[in-house]
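Generate coordinates for the entire structure from the input sequences, incorporating the hints supplied.
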Amino acid sequence: VDTRFFGWFVGAVLLLALLVNVVRLVTAPPLNRLARAARWRAVLATVVGALAAAQVAGVVSNHGESVWVAAAPTVAAATGVVIAMLGEWLLPRTRVSQGAVRTALLGLRTGLETKGLERCLWAGVATTALGLAVGWVSSGPDGRSGMRTWDSAAVTGAPYPGRDFTLPVVLGLGLLGLVTWAAIRVIEARPAMDPDEPDLDRAVRLGSRIRVLRWAAAGTLITGASLCLTVGMTMNDVTQRLRGLAHSSPRAPWDWAQNGAFAMSALGLAALVGAIVAVLWDTPAIPPARRTVPGDNSLDSRVSR
Amino acid sequence: VTDDLRVAVDPRSAEPPFEQVRAQLAGLITSGRLLPGDRLPTVRALAADLGLAVNTVARAFKELEAAGLVETRRRAGTVVASGEHTADVAVAALATKYALAVREAGLDDATALDLVRSALRTSGQTP
Chain A
178 VDTRFFGWFV GAVLLLALLV NVVRLVTAPP LNRLARAARW RAVLATVVGA LAAAQVAGVV
238 SNHGESVWVA AAPTVAAATG VVIAMLGEWL LPRTRVSQGA VRTALLGLRT GLETKGLERC
298 LWAGVATTAL GLAVGWVSSG PDGRSGMRTW DSAAVTGAPY PGRDFTLPVV LGLGLLGLVT
358 WAAIRVIEAR PAMDPDEPDL DRAVRLGSRI RVLRWAAAGT LITGASLCLT VGMTMNDVTQ
418 RLRGLAHSSP RAPWDWAQNG AFAMSALGLA ALVGAIVAVL WDTPAIPPAR RTVPGDNSLD
478 SRVSR
Chain B
1087 VTDDLRVAVD PRSAEPPFEQ VRAQLAGLIT SGRLLPGDRL PTVRALAADL GLAVNTVARA
1147 FKELEAAGLV ETRRRAGTVV ASGEHTADVA VAALATKYAL AVREAGLDDA TALDLVRSAL
1207 RTSGQTP
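Chains as they are written, first to last, in my numbering: chain A, 178 to 482; chain B, 1087 to 1213.
Treat each hint with caution, since some may be false.
[To be verified] Ranges of calculated distance between the beta carbons of each label pair, as one might list FRET restraints:
id : chain 1 : residue 1 : chain 2 : residue 2 : range
1  : B       : ALA1185   : A       : PRO461    : 28 to 34 Å
2  : A       : ALA205    : B       : ALA1185   : 36 to 42 Å
3  : B       : GLY1154   : A       : ALA229    : 46 to 52 Å
[What the hints assert, rightly or not] Pulled from the structure, derived: some chain B residues nowhere near chain A, Cβ distances all over 10 Å:
id : residue
4  : GLU1101
5  : PHE1104
6  : ALA1185
7  : ALA1198
No lab work stands behind these hints: they were computed from the structure.
Beta carbons: idealized from backbone N, C-alpha and C, even for Gly.
Here you go:
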């Protein structure tokens, strides 16, 4: 599959996500300074993350015929995760004066489940693993093409995620897993923005968690989609050419290798749809702080960053 | 774990911070406001919110664990242990929650007690 297609695809989805965010910002109810600062930092982290991820994807992809192009989605997603993690460190928080009593809510970090996105992430990992495994066992001697044989006839086709692509994909996946794990820990351990605003803190924390997981899910799903689609389309092409060479080779609908190629294509398309769903996964709206009073700047003065 | 459950640390107190954390959590558990299975925040999260060192909160948790009030489970983290609650304490905590719900709903005492009697009748004979 042409990498430019993925570039345009990712760009279009990110642009759509950006538009949705801008519309929400314009139509959102007025917030006090703490909530407003949190929301703007979240939008900034999303925009900067998207730009940085697009840049990194471009750099990794522009290496001609290098196998490292297969790691572009996961490395780009890892960049987005790192930016989201940096954004978490920049969130505003209440300044506590020296010697003042400090309080912590025991239930502050409850209700932060993101099961749907986690399922998307694991689906991406499973699709990637399947694409790699099928690509490995059906690759030609060069490790970069798909091969089918029948009697004395052998046909190869490329591009194909054969053995040579395993290392870049696994390394990219490992990098993405590592930074996602670190980012989730940073979000979990971030001090409360204001102990008297649990709903605000929960919405911001859940939003941060979603931003990290949607990068991770999108990275793995796009990788899985590209592997499965490439395997499916190339193997179908190889099968058609093999039939021209070996007339006794299996014919549709009883050619199980070709049926498998169709199944891989369908799985790739499903993963692509999953990636769109993950990228557009909505974050909770940040509620107005409970103590907001028009003209009251008491809370504003407590924002430290 | 509801939003009214808090732990506070006073840096000016003569009591060391770890003891303040330990005593308040122990109080919440023995009074039944934290029930068996309730999950406590992670050591890192609680330390961050209270502005304490991770080791300080870890020491408080360790002492609670040694006293059998909490237990650490691999996936669930630190949870309130089940052994420290008599049935009375656990039911009293639930009764308090019920009373709060009655007040919020605006029911009078007689109606609230009728509801309890009805629930007891439908739940079967006393042992």
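How the hints compare with the structure:
no.	hint	result
1	B/ALA1185 to A/PRO461: 28 to 34 Å	holds, 32 Å
2	A/ALA205 to B/ALA1185: 36 to 42 Å	holds, 38 Å
3	B/GLY1154 to A/ALA229: 46 to 52 Å	holds, 50 Å
4	GLU1101	holds, 13 Å
5	PHE1104	holds, 14 Å
6	ALA1185	holds, 20 Å
7	ALA1198	holds, 26 Å
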